[in-house]
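If you want the building blocks of each chain, they are given just below.
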Amino acid sequence: MLSKLTVSCAPHIGGPFSTRRVMVDVIIALAPAMLAACYFFHAYALILLPTCVLSCVITEYLCNLLRRNEKPLESLGDFSAVITGIILAMSLPPAIPFWAVIIGSAVSIAIGKMVFGGLGSNIFNPAMVGRAFLTASFGMLMTTWTVPATIDKTMPQVSAASPDAITQATPLGHSKQAIKQAKAPDKTAASQAQLVNSQLKNLFVGSTSGCLGETSKLALLLGGIYLLIRQVINWRIPFAVLLSAFVFASIPWLINPSRYISPIAHLTTGGILLCAFFIATDPVTAPLTGKGAWIFGAGVGAITILIRVVGEYPEGVMYAVLLMNSVTPLIDRLCKLTPVGGKPNV
Amino acid sequence: MNVATVVGTEFSGGVHPQGKKELTADSPIQSGPAVKRAVVMLSQHTGAICKPTVTEGTIVQAGQLIGDSDAFISAPVHSPIEGRVTEIALQSHPVLGRAPAVIIEPHASIPVRKPRPQAQRFFQADTGLNDYTQHQICQAVRKAGIVGMGGAGFPTSVKIEPNPRLPKHTMIINGCECEPYITCDYRIMLEWTHQLITGIKLAQKASACDKVYIGIEDNKPEAIKVLNETLQNTPACKDIEVVTVKTKYPQGGERQLIKAVLNRFVPTGGIPPTIGLIVLNVATVAAIADAVVCGSPLTHRVVTVTGEAIANPGNYYVAVGTPISELIDFCGGVTQKSAKVVVGGPMMGIAIADLSIPVTKTTNAVTVLTKEQIGRAKFARRQTACIHCGRCLQVCPERLNPTKISHAVKKNRLDIAQDYFITACTECGCCSYICPANIELTGYIRTGKIYLARQKKLIPQ
Chain F
1 MLSKLTVSCA
11 PHIGGPFSTR
21 RVMVDVIIAL
31 APAMLAACYF
41 FHAYALILLP
51 TCVLSCVITE
61 YLCNLLRRNE
71 KPLESLGDFS
81 AVITGIILAM
91 SLPPAIPFWA
101 VIIGSAVSIA
111 IGKMVFGGLG
121 SNIFNPAMVG
131 RAFLTASFGM
141 LMTTWTVPAT
151 IDKTMPQVSA
161 ASPDAITQAT
171 PLGHSKQAIK
181 QAKAPDKTAA
191 SQAQLVNSQL
201 KNLFVGSTSG
211 CLGETSKLAL
221 LLGGIYLLIR
231 QVINWRIPFA
241 VLLSAFVFAS
251 IPWLINPSRY
261 ISPIAHLTTG
271 GILLCAFFIA
281 TDPVTAPLTG
291 KGAWIFGAGV
301 GAITILIRVV
311 GEYPEGVMYA
321 VLLMNSVTPL
331 IDRLCKLTPV
341 GGKPNV
Chain U
1001 MNVATVVGTE
1011 FSGGVHPQGK
1021 KELTADSPIQ
1031 SGPAVKRAVV
1041 MLSQHTGAIC
1051 KPTVTEGTIV
1061 QAGQLIGDSD
1071 AFISAPVHSP
1081 IEGRVTEIAL
1091 QSHPVLGRAP
1101 AVIIEPHASI
1111 PVRKPRPQAQ
1121 RFFQADTGLN
1131 DYTQHQICQA
1141 VRKAGIVGMG
1151 GAGFPTSVKI
1161 EPNPRLPKHT
1171 MIINGCECEP
1181 YITCDYRIML
1191 EWTHQLITGI
1201 KLAQKASACD
1211 KVYIGIEDNK
1221 PEAIKVLNET
1231 LQNTPACKDI
1241 EVVTVKTKYP
1251 QGGERQLIKA
1261 VLNRFVPTGG
1271 IPPTIGLIVL
1281 NVATVAAIAD
1291 AVVCGSPLTH
1301 RVVTVTGEAI
1311 ANPGNYYVAV
1321 GTPISELIDF
1331 CGGVTQKSAK
1341 VVVGGPMMGI
1351 AIADLSIPVT
1361 KTTNAVTVLT
1371 KEQIGRAKFA
1381 RRQTACIHCG
1391 RCLQVCPERL
1401 NPTKISHAVK
1411 KNRLDIAQDY
1421 FITACTECGC
1431 CSYICPANIE
1441 LTGYIRTGKI
1451 YLARQKKLIP
1461 Q
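Those protein sequence lines, which keep their order, are chains F and U.
Per the working numbering: the first sequence = residues 1 to 346.
Per the working numbering: the second sequence = residues 1001 to 1461.
Same shape as in the complex, but just chain U (with noise of 0.2 Å):
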């Protein structure tokens, strides 16, 4: 039985900004808004978008399958809540812009989904993990459509199905949550230790783990005691040890914490499993044991809803497909000062205009910044000339040249910034955070990324 603190390496690299966890990290999950008007996207996940199963005018039940596809790195989705299907039309995306999906109006009175309670109590029994087979675990996950919900989406069934090519012996639970102001993730581990614990052991069970440890930044030294004193607690637990790692930004970045875990790098341009490793967030697991166990698919999630500019900040447990103006309002409504709303956190998140925008599969927070918190110079994007100083070198994660590439970009030569290895870059935000001169250096990488995918044909112009 290890209890004694396991404490990580350290990436090189990385920033450190305000954490602001303090607005949302003592409020627990909550219910979410009576949805009025539900937009669940039919491409939620990295992979192939989903057809629609249902047409305008079905009467859907909650958890009924509305979408699905039949290429392998795919996720289904199902409808959040009972009502009819009023449209299946193009709605504002975060990330792709426009997106096909399924508008479902609810019957007019149904109950709130509540975040569980029984959850708690269902899991905390020894829950039988003889009851399932590697294959029905990975069929359940499969069909609930979970998806990594820490931000990628990538399908998880995918992700722990077992592979002969690439066998596994590692998982990482990823409970770093090393964004600014998010939270989600430390409640669910305060909250639902056991279904988290009973998703470890499922998610361990399919991919044949031998071993599994749970890493979480210093900075959320609850969560690390009530993990590590549940772990004690419960038998057959013994493969599963809780690594401490440093609070720095992007310390829940796979690769960085991996490296803090293991001690070990991912090849450039390699997955995890190219060396035998699953990373699974907090929330996947979660929805894993929610889905195996209680037979529920994925259309309920815990989303932060913070910032400075929200009168109540806090975290809601809201179904998928709750336009964002719906959520903002039920914490009611944003102050004068907001400035930009973010789908994210804000090192990494989307910033939308539209807020009929809805929560997706892997939207973990909605962040309403003032004019203060982004900085005068940033908010007003003043960019003045690189002086070369070299911090975005210093903080880059992935130990790349940020402002080499982001020049290479800018003059058109992609050649220089393939040489210069653009395709490692993570997006973590770092070496714009840092810059002196405010120069956007993750959107020129952005940018340059998206014009080489379009010259390989990879995106349509």
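Next comes chain F alone, as it looks inside the complex (with noise of 0.2 Å):
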């Protein structure tokens, strides 16, 4: 006997995906990230990481209660927002008092995601909305660089006028350091340069002062291959933001490699392979081409490295991607793909 008929346009079957599983194999392939952050920064990371997926999704879910949405948990399912929640969070300095992260939290959320209509409308990383809001409001508590739980001790402090027990520069502050005193004839200049070269090893392993969850190179690394084996992200993005940003770090050591930090020491500084991997590859605000692909990521590390060297930041991954998000509607208007027939002709 025949049960109730359902009736729908064809394909009746889906295939295996699904915007959950999206979202759980990029929780999964952090998750070394993350315990690399809870070994080098203890404490720091088990109230950090928690604080900001906790208020995250809170946020989400009360910006549903405001648009009246009728099922308010639902959009909670996908995990979109755990995972603005951790990146959000492993993109900060690990002291941030947590007022401040409740804040910035709800701002990634808010503003980031949900005025624009919720997952997929939005135009910029949430996450780096707000980071880009935190770093505004409060710029003191966002470059104060707590020293992990493990730090090699032959970090230098950048000024002997402020010796400090628990904060040190980042790598990436003794570079902008070397590059400021390049006109004055003065050694410290260089030296700092060479020192972040000759720490290639602990800066991979994540022994090194930074944001929370970029400081582990080693375990980003490990996450990224685990999303391009499953196929989950775009492979052009992180290779087209290494491939240039290597190539723009090239250039000015290159010219002289005592004032400027290596290519390799770019690329195992600061955020950039946590933008390589999860930060620029998020779907929704990169281009849907892999000729856009190409582009965005080219542009998301070539103005990361112009910010570093030429800018005023010792750090320009955060504003890199929101410029090449601003952009994205527009690489995709350039990158019409041409039916494999050829165009038509009309």
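Just so you know, these hints were derived from the structure itself, not from any lab.
Treat the hints with care, as some may be off.
Distance condition first, Cα-Cα at most 30 Å in a straight line; then the derived DSS-like pairs of lysine-lysine [what the hints assert, rightly or not]:
{"id": "1", "chain 1": "F", "residue 1": "Lys71", "chain 2": "U", "residue 2": "Lys1036"}
{"id": "2", "chain 1": "U", "residue 1": "Lys1457", "chain 2": "F", "residue 2": "Lys336"}
{"id": "3", "chain 1": "U", "residue 1": "Lys1411", "chain 2": "F", "residue 2": "Lys71"}
{"id": "4", "chain 1": "U", "residue 1": "Lys1036", "chain 2": "F", "residue 2": "Lys4"}
Only a predicted model underlies this, so the values are computations on that prediction, with no experimental measurement involved.
Dock the two chains into a complex; use the hints.
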């Protein structure tokens, strides 16, 4: 006997993918970096990560209530707010006070995502919007870098005048100092750049100061490889980001290797790997086509290095991503696909 | 004598749904049900709808012409059984909604037509291709009402007739059967091999093609082996070559098959004859042999009745006009879990609610799916927001931008949809299949195409 029959358009079967599964894969890929954060920053990570995730999820729920969404809990099921929370936490200095974290998370979700209409409609990466807001509002908090519990003591302080037991400049801070002092006939500049170059192993493993999740390049690479194997992200974006950053970082280094840190050091410091695998690859805010992904990734890499080398900030990943997000619709329009049979003769 | 396995190239995109062919792959072609009430649609093809040539009360013989049209692109229809025309009325049609049909009730005791056990023997020997002229073959194909039996239903006579403006040089026989579940073409290749090859030779002669390729997916090694052996043992088959192509949906789409076999692209908006090619389905070619050699019109075809919710899945030789409800009952009915009855395969088939819809010349399968097979989210049609992951772009075999087109259609911006080549879509369904947000991209694109056709007044409001 026939039960009730459904009628809908073809195809009648679906693939194994779902939005939730894509997001869960990203969370799995972030796990090594989260563990590394807990290892290097101990309690800071254990406070920061849950605070960010919880405040992001709660903000999304409140926004859904405000929008009179009939099922305010439904949109939480895709775990996209959780990912925003994790990425925001990973891009913050470990010692940032929790009230600032809550403000940042709320801005990420409310201004970064929900005002545009929720998942899929936002123009900018929500986590980066929240971070940009915090940088603009609490500049001091956002540049106080905690020493990891496992720090290598050979890293010197930025300036001998302010000895501080628990904070230390990031490697990129050293790099920036080296560039700024380039005009002065001062040996410290060169030595600061050389110092960063000499610490590649520590930088790679993560034993350095910096944002919570960006220090351990090893953990980020592991997660990135997982995403590439699972084909969750467009492989062109991380490759384009890293390649373009490498090329653009080589130019100043080839001109003056004593003043500028090496391109390898550029790739192992700061948030470039976190950005390449987890931030720039956010599908919502990245271009759709393959060619567009190359342009987008190359732009992110180039702007990052431009800010690091020429700009005022030591790190440029956040603004690079936000700037390239804003031109994503244009890139998509520029990189229109041609059908396999060529353009029709109309 | 070419026996080396020729491997084709690969088309870009495509998906790999579960084949599910094992349900019916080993089930030989059997006789179908005895029809209690044949509903023969007057439109079973692309082109002009036929006018009935019989009236209510006419006594018809099996194979008698019951509908014809003077239009160039059309195909006549014939009665599958001996009986009396009880009615000429509008009936549910899988594609057109409601369409005119001739309803025939059989005389009390007519035997069910067998799937021609004699055919194999008949085609065994050299069938004497020289007995038929090019013109005779084309006329026989036209008179038998043969249409593309893979799904589109384009009149075959129009395809194979020599056209001085578009001379043809190569013919591709489509034995891919890339749709999940369906095995009717596979069984034809295995069981009706000689008939198939006769049909190929006839079609080749009619269309004056120099070279013939048979494209078969590599998940059918048996069919490849049988065809290669038969070709080897049959004289005058040197110009027929079996090409193994990759198992990937939609390998059986003619544009994708041409890419795979010949590594050529059919221009967007063009048809294969514009580059001198014809693509014919395996079942169609077998019907050509039937029509030319035996003189029998296309009134029966092999239908795969399958799906997890069917009690006895199998391949059946069914009279065109058999209501799908009769066919399902003949296969032991459906289980409790049935959720969707699809005419055709699950990727491109049409879900029907009215089971009185009859088998037509293009019905290659009836698939009854369960909720589990459809997928829970897809069954509930729980669409979420597009996250621009770009998977639909990756799998589109025509290299289109499905998400952009469907967003444009949603916002009623047909100009943008056209800008992104909506008309180049072949509606294969790969984008909807892969979409993690369960968006019915193919559905939106189809809707957009219908709107466009209405705008251009190609179809009535």
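Pair hint outcome, U/Lys1411 versus F/Lys71 [Cα-Cα no greater than 30 Å]: 25 Å, holds
Do the alpha carbons of U/Lys1457 and F/Lys336 lie within 30 Å of each other, as the hint requires? Roughly 29 Å separates the two Cα atoms, so the pair holds.
Between F/Lys71 and U/Lys1036, is the straight-line Cα distance small enough, at 30 Å or below? 51 Å, violated
Mind checking the alpha carbons of U/Lys1036 and F/Lys4 for me, to see if they're no more than 30 Å apart? 25 Å, holds
Of the hints listed earlier, the one the structure fails to meet is number 1.
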